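Undergrad: Below, each chain spelled out in residue letters.
Number of protein chains: 2
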Amino acid sequence: MESKIFQSFLGEKGLKLTKERIAVLKEVFSSHEHFEPEELYLRIKDSGSKASRASVYRTLNLLVESGLVEKVTRTEKSNVYEHTFGHSHHDHMICNGCGKIIEFYSEKLEALQNEICRGNGFIGKTHTLEIRGNCEKCIKAK
Amino acid sequence: MESKIFQSFLGEKGLKLTKERIAVLKEVFSSHEHFEPEELYLRIKDSGSKASRASVYRTLNLLVESGLVEKVTRTEKSNVYEHTFGHSHHDHMICNGCGKIIEFYSEKLEALQNEICRGNGFIGKTHTLEIRGNCEKCIKAK
DNA sequence: ATTTAATTGATATTAAATCTCAATTTCAAT
DNA sequence: ATTGAAATTGAGATTTAATATCAATTAAAT
Ligand SMILES: [Zn+2]
Ligand SMILES: [Zn+2]
Ligand SMILES: [Zn+2]
Ligand SMILES: [Zn+2]
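Chains S and G, in that order, give the protein sequences.
For the first sequence, the working numbering assigns the number 1 to the initial residue and increments by one for each residue that follows.
For the second sequence, the working numbering assigns the number 1 to the initial residue and increments by one for each residue that follows.
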């Protein structure tokens, strides 16, 4: 099923479904755990298939683009910091169009998160919530 | 004020308040924007103070440890992925003690996030919520 | 002032991710 | 089945963020 979706995603972009891409896709869907690229590369090797590191990285990017896979950690090129002393806790909305960052805070949201943590026997100390989408200006521009 | 806090944080750990650390702290609190380490290093140089890249990185780690600064992006050594096709959207709690990952989903939480987005004229497409803290097992172990 | 331990910075190192490019493979058209 | 254009591959080079090394320097307590 996921291979059909990947195939049509590739087709629409004029890209080809190769052995290597199939090997990566298979391995990605062979487990439901989180994984890192290097680890995936080794698993593919172990499983008897073959795909170079370069192909693993390239295919992962395609899989994310296709929507079949997501990054659990959203990384920029480097770490981003902010001083927090003197600022109350807040979360972020980031516009995919213009990069605008909206900082927001919701008492209700924080309370609900705590409630959900309690329901899982978990004590939350910190959190990061990042919402990606489009800001007012970019929506109107379309 | 933040320098008093940093000073006592350093004191408790038997560390020293040096010119370089003061320069980094000053620059970090000279603006309320998000920043990257390299950028901060250049700003310090421009401002007439001096601190090597090494010291900037080292001091940033201390500032995070002290609670005065936070990472906006939580990075591991490498990117982490998961396949999402065949799985419904979920968010993550991660235990600081044992690394256990709890996946959870709350209709109510998702709805509230959407409501907050609307209130900001923002249309959210995707989001990541990561809650760090301690799981049941690790709480009991103490 | 002396002593001791921490700190600095230039440089080396590590490691993730991307780039390069000649050789290979795919696939649609003959 | 052959051909040819275009995409893909993989080994290795490159880039770049971040950390580690270590001799020289500095902080701060006595
Ligand atoms: Zn929050
Ligand atoms: Zn912020
Ligand atoms: Zn969610
Ligand atoms: Zn997950």
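Source of the hints: derived by calculation from the structure; they are not laboratory data.
Treat each hint with caution, since some may be false.
In this list, chains with the same sequence are indistinguishable; a pair is considered to hold if it fits within one copy or across any two.
[Stated by the list, open to error] Below, in silico cross-link-like pairs of lysine-lysine (DSBU-like), each with a Cα-Cα straight-line distance of 30 Å or less: (1) Lys108 x Lys50; (2) Lys50 x Lys77; (3) Lys142 x Lys125; (4) Lys26 x Lys125; (5) Lys137 x Lys50.
Quick caveat: nothing in here was measured; it's all calculated off a predicted structure.
Undergrad: Going through the earlier hints one by one, which of them does the structure break, listed in rising order?
TA: Hints 1, 5 not satisfied by this model.
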